[in-house]
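J.: Sequence:
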Amino acid sequence: MKISVFIFIYFTLNSSFAAVEWDFSFLNVTETVKGDVPVLDLVKKIAELYLDDCMTILLYDDTFYRDTYLQMVVTLLLETFPFPLMHGAIDTTGTERVNPRMLNPSEMMCSHYVAFTKQLETMGELLAERRDSRIVFVTTTTKWMVREYLSSPAAKRIPNLLVISDPQLQEVLFLNDDDEVTKDINLYTHKFYIDSLGTSAPLILTTWRNGSFTRPKVDLFPPKFKHGFNGHRLAIAVAEQPPFVFHRSGSMGKGEANYESSGGWDGLEIRIVKIMAEMLNFTTEFRAMPESNDGDGPAGRVLNEIQSGRVEMGLAGLYNTVDRIDDVIFSSPHTQDCASFVTLTSTSVDRYRAVFGPFTGGVWIAMTLVYVFGIIPLSISHNHTINNLKRLKEWENMFWMVFGTFTNCFTFKGSNSWTSSQKLATRTFIAAYWVFTIIITAAYTGSIIAFITLPAAPDMIESSKQLLRRNFKVSILDEGGWQNWFTDLDDPVGQKLLNDPILVPDVDSGLRNVTRSNYLRHHAFLGSFALIEWYLRTNSTARQNMKAQFHLSDECFIPFVVSVAYNKRAPFVYQMNEALLRIGQAGYVAKFERDLEWEYYRLAGTRLLMEAAAKLVPEDRSLNIEDVSGVFILMAFGYTLANIILIFECLGTYRAKQKKVAPHTRLSESSVSDSPRPSIVIYEDVDCPSQYMTSDPSDLQSKLTKSMATLQPYLMGAINVRSRSC
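Residues -18 to -1, 1 to 708, numbered by mature numbering (1 follows the signal peptide of the UniProt record, and there is no 0), are exactly what the sequence shown covers, in order.
These are calculated hints, taken from the structure and not from any lab test.
Do not take every clue at face value.
What the hints assert, rightly or not - Capping the alpha-carbon separation at 35 Å, the derived lysine-lysine pairs in DSBU-like fashion look like this:
id : residue 1 : residue 2
1  : K199      : K27
2  : K478      : K455
3  : K27       : K165
4  : K639      : K573
5  : K165      : K26
6  : K256      : K165
7  : K125      : K100
8  : K173      : K125
9  : K573      : K256
10 : K100      : K27
11 : K100      : K173
12 : K199      : K165
As the list claims (entries may be wrong) - Now the in silico label distances, taken between C-beta atoms and shown as ranges:
id : residue 1 : residue 2 : range
13 : E267      : T50       : 45 to 55 Å
14 : D536      : A618      : 35 to 45 Å
15 : I540      : F355      : 52 to 62 Å
16 : H209      : D114      : 13 to 23 Å
17 : P198      : V543      : 39 to 49 Å
We put the beta carbon where it would ideally sit given N, CA and C, even for glycine.
Whenever a hint applies, use it, and build me the whole structure from the sequences.
T.: In C-alpha cells:
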C-alpha cells in the first residue's frame, strides 16, 4: 500500500514540476558509493520517531541537485524513506522550483520538512512561517556556520528546528579509496530568549554514532519557552478602540505618537496582555498608532504596523475576519462582539396605554360588572322597593353615582341623596362601595403615574426586520472594514436594509444621524455593540425627564470574534495562545469586564454607576385579576353584609305595616258589637212579569245569599223575607 501511494505521489508531483529536470541516470551508480551513508539512517530514524504524524516534504538546493555524490544520497533517501513523501528542488537564490502547495501552510495543513542544503539562511527564509511543522536541516556547512546561524534572528523564526551537521557530506568518498573514515554526526537546535535582549543560542542535543544516539532519551524537538521570555521587551502596536484599548488621559491628537512602556493605556486587551506578561515573563512596550499613519481606521493602522515587522503584536479590538487572516496571525478569540443597531426611542407612553394600560382587560370587565350590578342593590335599599327601577330617572342617578365615585369628580348632597340616607343597609352598601372605589382608584392612579414616568422605552426596535418594516435609513462607518463587510450578505433582510447605507467617519457622526429621526424618516446606526455601549455610557447622561434615549438592539446582526494579532513570523504564537486560553478558563476575562464597568461606567459628576439598558429593564406589566382580587373580595364581603341588613330591614318594615292594620280592625269590631243589631227585611217579588224584572231571579237569589253570608257575623238581628206583589 505504501509503495503504491509513493508511486502515485511521486509521478503526480514530478509531472507538475516542469522546472525540475532531474536526471535519474545516476541511479545506476549508487553501487559505487563506498559503504553505508550514516546520515540516511539518521534521517530515517528521526522520521520514524518524530515525522510519522504528517506528510513529509523533502527539499534540496542546487548543491545537492548538481553534485553527483549528493544526488546519490538524496536518491537513496527517496528509495528507502519509510513513509510517502513529496520532494522538490530549491534554487540557491531562494527562488523555489517546487509546487506552491508544498510551501503554503494554509493549503498543506499538516506537514514536516527535511531539507538538504548548504545555504541555511536561504532555506530558513523559505520555511520561516512553519511554526507547527518540524523542520530538519541536513547541511554540508561547518559547525561554526551552524552555530552562527542558530544564534541569528532568522533561526528564531523557526521554533521546531533540528540541524544535522554531517562531516562526511563535505568529502567525496568512493569505494576505490583506501581508507574508510567514519565521523560523528552532531544534532543541533537553539534556545530562545536566553536573556532580556531576546538572544538565541545554539545547543547540541546528541550525537549519532555507529547507528545510535549517544543520548537516546533526549527530545530532539524540545519546548522552547520553558522559562518564558526572560524579561524580553515586546513591542506592541495599539490604537484606541474602547473598551478593548483606550487611553486613560483621553484621546490623543492627530499626528501624535505615544511610545509608552506602562502607564496611560487601559482596556480589556491591555489587561489581558499584562497578565500574559506575568505568566510568560516579558515586558511590554505599547506603541500608539496615530491617525497620520497609513491604514483603514485604527485596526488598519495596527495591522499595517504588524505587517511591517516593527512590532510583534497588535491590540485594537481586532475582528478575526476572512480579509485579514492572510496578513497576520490571530490568536484564539477572547471576546465576542456583535454588529448591532442603535436607534432613538421615545420614553413617553402613548395615550391609549396611559389610560387603559394600568389594568388588563379582565380587570376592566370585572370592575364594570361590579359597578353596574352593585349600584342596583344600593338603589333598592334606599326606598325598599323595585318600582323605582322602572323610571329612567333612577338609572340616570345610578350612572352619575358610579361615575362620580370612580372619578371622584362629584359630591352628592341633599336630603333625598343616597349618601344622606338613614337606613343602615344603604349606609353599608355605600361604605363597601367607597372602600372598593378608593382602593381601585388608588391602584389605577398609581399605575398611570408609573406608566407615564417609566424610564424604559415602551416600544423598542430589537431586530433588523423591524427596521426594514419601518423604513429606517442605516448609517455605518466608512473605515475599519465596515464599509466592505456588508456588501455580499446572503440575508434578504440585510440586503434590503443595507442596500445604500450612509457612510459616516466616526461613531459620534453616526449617533448624530440617529438623533435626526423624525416622523417621516427614521435613522439607525450599525456598529460595534461594545464600542457604542462604551460611548453611550461614558459620554451621555441618562436623565429621568428625557423624552428620547438611544437604544441598542438585542439582535446580534452579525457576530464577530475579537483576537490579538501577531506577526506571521513570530515564534511564540502557540505559547501566547496557550496563555490566553488559560486566562479565559480561569475567569480573568470576565473579571476584567466587570472591573472596567465598575471603574469607567460612571457619571462624571456624581460618580454613580449608570444602569445598562441591557441589564436592568424596568418591568412594564399591567395589573391583572390576581393583583386586585383582594379588593373584589372586600367588596363582596361588604355587599353581603349590606344585603343581610337589607333583608332584616324589609322584614321590619313589613311587620310595622301589619301592626298598623291590626288596631284599626279591632276598633271596627268593638263599635259594631256595642250598637243595636238591625234587622234586614227582604222583599220577595211573586208572580211578576218578566218586563218588570231587572235581573234574573236565580242570579239575584245567589247574590243575596252571598251577601247575607258576609254580613252574618256582624248582624245579630233576624233576617226577614217578605213577599210582595208587583
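J.: Give me the numbers of the hints this structure contradicts, sorted from smallest to largest.
T.: Going through the list in order, the structure violates hints 4 and 6 and respects the others.
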